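J.: With chain A held as given, fit chain B onto it using these hints.
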Amino acid sequence: MNVRSITILLSSVLLSAGLVAEPLAVIVHPTNVAELSAEDVSRLYLGRGRTFSDGNSAIPINLAEGMPGRERFDERALNRSSAQLKAYWSKLVFTGKGTPPQEVDSFDEMLKLVATNPSIVGYVPAAAVDERVRVVLQLD
Amino acid sequence: MKKTLIATATGLLLMQPLAHANIDISGYASVIGGRVLSGSGVEAFDLPPTFLANYPLVGVYEKDWTFKPDTRFGLQFRANLMDGLSATAQVVARGADDFDARFEWAYLSYDLNENWTLQAGKKRLPLYYYSDFFDVGYAYLWIRPPADNYTWQIFNYTGINAQFNYFVGDWDISGNIYTGREDDQENKLLSQFFGSNPIREIWKDIIGGVINLNKDWLDIRLTYMTYINERYRTVGGVVERVTWGDSLTRRGKFAGISVNMDFGDWLLLSELNRLDLDGGKFDTYMVSAGYRIQAFTPYVSYADFDSENEKHSTTSLGLRWDFHSNAAFKIQYDDVKDKGVPGWEVAGDSKSISFGVDLVF
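So the protein lines, in turn, are chains A and B. If you count the first sequence from 1, position 31 lands on 31 in the working numbering, and the numbers rise without skipping. Take the position in the second sequence, starting the count at 1, then add 140; the result is the number in the working numbering.
FYI, nobody ran anything at the bench for these hints, they're computed from the structure. All values reported here derive from a predicted model rather than from experimental measurement. Where is the CB? At the ideal position from N, CA and C, for every residue including glycine. Be careful, since some hints might not be right.
On the chain B side, residues computed to face chain A include the following (Cβ under 7 angstroms) [said to hold, decoys possible]: (1) S166; (2) T228; (3) E254; (4) D272; (5) Y278; (6) D312; (7) V500.
Pairwise CB distance ranges, derived in the manner of DEER restraints [what the hints assert, rightly or not]: (8) B:D416 with A:G98: 25 to 35 angstroms; (9) A:G98 with B:H464: 20 to 30 angstroms; (10) B:K477 with A:T51: 46 to 56 angstroms; (11) A:P68 with B:N253: 35 to 45 angstroms; (12) A:E65 with B:P438: 19 to 29 angstroms; (13) B:F495 with A:E131: 46 to 56 angstroms; (14) A:E65 with B:W256: 26 to 36 angstroms; (15) B:A161 with A:E109: 21 to 31 angstroms; (16) B:S387 with A:T51: 49 to 59 angstroms; (17) B:N255 with A:E65: 29 to 39 angstroms.
Isolated chain A, as found in the complex (with noise of 0.2 angstroms):
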């Protein structure tokens, strides 16, 4: 077994185990041309944009709680802990100012309601990305 091999075979048990973050890509529907900046993204998953650049209603969605890239997307994106994020929407859903994003349990499902609805933003980790959405932007 040569360095290269022990390599890979590490990174992929590192990767599987989580330890090694996946880049992850923000997701959109084939036929949404919008751009879409960092700073657009976590607009939106913070409840204070509710549009895309071109004027179009945007529905954020996210990954359920636990789901391995939750966490990441919240840091990466968000620049916030998850505790910290709880305390954010905490404050907003009980004075009536927000709701936070739907949640989904799978990348499957993500992947699928993207592939449907032209309106809807969502994010799976890059290597899960097929040709049914668009990659607006990638957060390594």
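T.: For chain B alone, kept in the frame of chain A given last:
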């Protein structure tokens, strides 16, 4: 409490929906215990060592352990009727009220467009920064927002509220304007703590506005509200109108600014407010700092109330521990100094400890 909730839930299940609505149920709870370690009380009022932790609800700690003053449960029902229309109700049961569950929020909400939402019904009066989510302990740092600031006897209103949300040059600008009134038939703070006769407290012609400016780690909030105060006292079964000098009413004007910074692991919170009641000035301020070390956030806080006669401050030290994804444990030490002129003391000096758990679901 339990009975009421079951009845409400059954009601929702049995109701034949006339329109298709998704009903979201969410909630929060805080279970907090504490006691006064030492305190002066106020001899002139026959008051034993006391820590008034919640003014409007009269949440009072004394020398024996108690879980009542700050413990509360809230359940929110939100019916989403689609196309921007929703109805929200929040039932709150508080230890300070012997867990007598009440509807504290009940309002309709309609999104006029992407920027404006119109609401009508019963809501919290958004005077201070934490007024709106005062009950949701999980959403803030301490066991409770500093008592010296949150002293006003009226905290809800019924009326109309228009809220807005804009994004202008890297700043998120949101806020609301509101109008309404509150008629509290037997105000708890005035009737039970600051007096012994039932007091009916009315705040009418309320008009107010709030502006929030957010950018990255900076959060600035400006607030203004004006109202007319009317008051009735029942003495020996006879209702009499309270007058101020020759006047049957008095005008209050409330203004405040709050600046908060959430920078890296540091959290700096501040609030400065003034209520002008027919020329009398009531000033409050608060400064707090916290430092996040993973799931732990130790904090310090100083809050102050200053007027011609009533003067008091609280220095607090505490720790928030986010031990669970839906819950936080908190422990806090409060040192209250009552510097009120004789006859205008609130509850005297006190040193207290309290701890407990806040959760949301």
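J.: Hint compliance check: list the failing hint numbers for this structure, sorted ascending.
T.: none
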